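Enquirer: Residues in the sequence shown are numbered from 3 upward in steps of one, following this note's numbering.
No lab work stands behind these hints: they were computed from the structure.
Distance ranges between label pairs, derived from CB positions: (1) 831 to 389: 42 to 48 Å; (2) 332 to 102: 31 to 37 Å; (3) 902 to 360: 38 to 44 Å; (4) 544 to 904: 47 to 53 Å.
BS3-like cross-link-like pairs, simulated, lysine-lysine; straight-line CA separation at most 30 Å: (5) 791 to 934; (6) 210 to 191; (7) 278 to 330; (8) 487 to 706; (9) 408 to 330; (10) 761 to 691; (11) 77 to 509; (12) 210 to 157; (13) 691 to 706; (14) 191 to 157; (15) 744 to 791; (16) 389 to 276; (17) 96 to 509; (18) 691 to 744; (19) 77 to 408.
All values reported here derive from a predicted model rather than from experimental measurement.
From the three backbone atoms N, C-alpha and C, an ideal C-beta is built for every residue, glycine too.
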Amino acid sequence: MTSNHAFILLYPECEKVRLVGPSRCSGRVELYHNDHWGTVCDDQWGTANADVACRELNCGTAIEAKRGAFFGEGKDDIWLDNVQCTGSEPSILKCQHRPFGDNNCGHGEDAGVICLGKTYLKHLRIMNGSNRCNGRVEIFHDGRWKRVCSSDWGKEQGDVLCQELNCGTPATPTEELNFGSATNLVGVKATCYGNESSIALCRIQEFKENCLDASIVCTNSKPIRLMNGTNRCSGRVEVFYDGQWGTVCDDRWGLQEATVTCREMNCGSALRVKYKAYFGRGSDQVWLDDLQCRGSEKSLSDCPHRAFGEHDCDHSEDAGVVCSECEKVRLVGPSRCSGRVELYHNDRWGTVCDDQWGTANADVACRELNCGTAIEAKRGAFFGEGKDDIWLDDVQCTGSEPSILKCQHRPFGDNNCGHGEDAGVICLDSKPIRLMNGTNQCSGRVEVFYDGQWGTVCDDRWGLQEATVTCREMNCGSALRVKYKAYFGRGSDQVWLDDLQCRGSEKSLSDCPHRAFGEHDCDHSEDAGVVCSGNPPLRLVNGTNRCSGRLEVLHDGLWGTVCDDEWDIRDAQVVCRALDCGSPQAAKAGAFFGQGTEAIWLDDVNCIGNETSLLHCQHSTLGESNCGHAEDAGVVCSATIRLLNGTDQCSGRVQLSHGEHWSSAHNANWGMNEATVVCREMGCGDPAKVSGSFGQSSETRGYKVSCSGRENSLSQCTLRESTRTGQDHVEDATVQCSGNVKLTDGPNRCAGRVEYYDKGRWGPVCGELWDLNDATVVCRQLDCGRPDKITSATEFGQGSGQTWIDQIECGSLESTMAECPQSKFQDRTCNATSIAGVICTGSLEVRLANSMDECSGRVEVRHGEAWQTVCDADWTLRKAQAACDVLQCGTAVQIPGNAHFGQGSGSVVEATQIRLVDGTGQCSGRVEVFYKGLWGTVCDDEWQLPSADVVCRQLGCGHAVSSPMNAHFGRGTGPIWMDNVECTGQETAITHCMHNGFGKNNCGHGEDAGVICLVNFSHKGSYLCEYQKKLPNQVIYYPQGNPADLSVTVRLETPSISLSSPHAMAVYTPDTISVSQAPTRSSSVVSGVVVGLVVLLLLLVVGYLVWRRRSRGAGTVVQFSNSFGGTITKDIDERSNRTFDERGRSTQVKEHSQGLKDKGVEAEADNPVERDPEDLAGRVCYEFEPLVLS
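Use the sequences and the hints to build the structure in full.
Expert: Structure below.
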């Protein structure tokens, strides 16, 4: 038997209500009135209202009433507000509400609704499925429910049914699904064409035979939503089942599952997968667990999973996702509809260059953001400079494009701009108000936008009510202080408003009664200002003043704390600025100011430092944290002083708070005393410089400061008002402090004993609990790389002063040591022999520069405090490995040349590492070469002055004056890398000289070679020579002359020697004297006069040979004394440079010749050699060959 049934569908007479959203039965509620569409405000919006709207639209009952512009903000009018339905009304227009167009809302409060489906679904039901979009099909026919048979059930029937269910299109299950059977019901067969709007409009026939039940699986088989994210395409994943929303457990939650979720939400692809309730904990049910998607499924419910509600999770494991079709364009500025234009691309925000930026471009941006039309296109970083990337340049819109991304522009990232050219826009729907010249966006001179121009507000009748409305309109919390008399400086151009009389409840300053725009009796000396609490309102609790303490945030009417995870000085900088408290001195962790109560509102705060609000920083969702109050964050601000535009918190332009106003300190009479007080007050150690380029304030008024240097605060110094002019060259005072951490008694600033500055004094740090985390923070703060070695004994001395910090527990991520928890030992003090020290990689002999990580970059080697680059000639993996070993960077994998990491500065050296060890300075000592990760020595076989000269030049130490052998500077350890080194003297590196090959030698460390280099030398001395003659029975002394002055100056190639005597030489001649040229040869006897001349000749010859014999080996060393009385002595045994001991501080003149002999008579020195250990500069002159007297 066949019967045809029609269903009567009731529609409104004409379309008056619609839903704008992802489907016909879910979206933003809009009404048609006065020939255009408008929205409904969500004040009083609830389930009863939503039920009426759904029923009016033939969409069944309401699943959920949505608020806060859940489906996006509308535009133009808001037609209805305070809608209050009982639930039985036939139309939302029949419910109680305000008059059309009368509201106190913005589009951020637009109401929405999610409906279950169409009204005639009461004649259709889907059974035993996981949700309303899949299961066994039953219809209401001839007054009772009947099952639909699978006979002739196909695509046409599925198309009609899925469309009627508002569930998309039929899906083909990947496996056979069993939704059970209803054998107790009569079966029917449905025959459809596929274009029917309801299964009831198909031909329905009763089926007399046994049949299998028909089933349906539609593509949108599960209502799904993302909650608590930044927009509709990010958040906690929730699914609707059995009339209730529930979450998804993150067990096995991954990219495939996130991909399916984003596709189902029509949100593009998955950008990030989130775990552990990243978007906050859900409530009620956990519906899904152990999802295992392939990534190609149409719906999350198509993925294999446990049964609904079966799980082993709680809401701390709620899954989340961030999809690619999130917010693509935003305005960063004083309101949602005015600010710097930024685009989201490649997973990060970037700016737009203002080249070609005009009104057409601005119109597109405003329309895309539902901000109406553009009032003004702003250029030149009007709303401040952005950071990171500049995504677009040369944007050229016609004005009709749906998105700025659809306009003509250069490829993403291709630009010729800086952030000083960032584009901005002011849209019609933006708040026409701003605060100028304040310390942040929530304080300053009040200005309003009218008739295409900004103008000020006169302070006549300006009070707390007006300030309250201003702060509310600026979304800046409550009014803290009302300012008059151009407190924030005089404006320019128009004065737009005067005689404002607000009640305090108005939404906008322009809603308050006032004179006509531009009508006033003021000038700019009466410009009004305000200081707001900020958004969110912040406070510091339990500190020593209003600018120190535990940080608390006001949210939902309740004060709560901030967790110290990732809390650092940059976060503190934002807080101090928001509270008008100067510069940050410390970011405190571990409930330093005591534990709070109630909520913990913020966690994982990560600021750059230039944000105007803590909420502008990256942070977790408000109210979501994994902390307890033992981790409450705190801040210490400077309160009355701040440093602006510096490179860190311890440098910058000096401003002080005086009379509730920040003013610049002027540099008239500014010096070290004043800088000392600033550094002390800021907790920044000692002053390093009292000048610098940190910009200038636009204010000409300031203060001249005069301090003794002993004050604890700049406010204790003498302050005199000062006004600078263009002729007096007075500028803002600046300071650069050392910082509150330093390394002392090490070889350079990046190695040594750790000392900390606190309460105006330096003191060492206890080493008992000193570890790598602590050392990491110190090295980072000093810009010295990372720790290479830590010490906890007294390797760098004990230091003086109090040990300020007994226990320090850094987590390694802090920016400064002041951020680390610090405490005293309980019931004992630190062991006096345990002092913290560190050697940072910045103190090593090699570093890698100009790269993105620590283990790649341009190779540079240290010479003193200077860094030199390395020539890529003969640069090999083996040599690169030596650098990797020093830096603990593993294996060398690439050795790019041709300045791959950019050109360095300073001198360029050869690749071989070489050093001089155990000498008195950098330019003398035992020669050591770095090879295969080890330092080794050079054997002295064939070691001569030309080879030593190469070493000196390679080290930048001038020329060699000596090439000591036989381990003159002590025996080395480790390998002997080089032997039989023979240089010509012209090589650029010792490894370029002839040698046996690395590691090949027949030496011991008793033959280690050394070098003494000399750059410049100058010395003057006075000398007297005496001789004696030994006879068989007596010793006869022969005074040989008056003192002679000797001046020796050596400047590499141009030595100069002069000799003079103030008196004529008196000579006493012995009977005979002989001078041997060699051990077996005697000279002829000369007269006594000749002996005196020989003395003079000896000194002159010294001068001649010093100049001539720069590169020839020798056996004589000339040393001088500042004291009168040096002698010439004979020493037959001293045949080599072994007689020279640079460390012996000997101050004498030695001559390596044979002694004077005359038939057994020996000439000996009578005067002892006088030694002056203080005479360091004048010990060595030049080397020359032994004199031969005849």
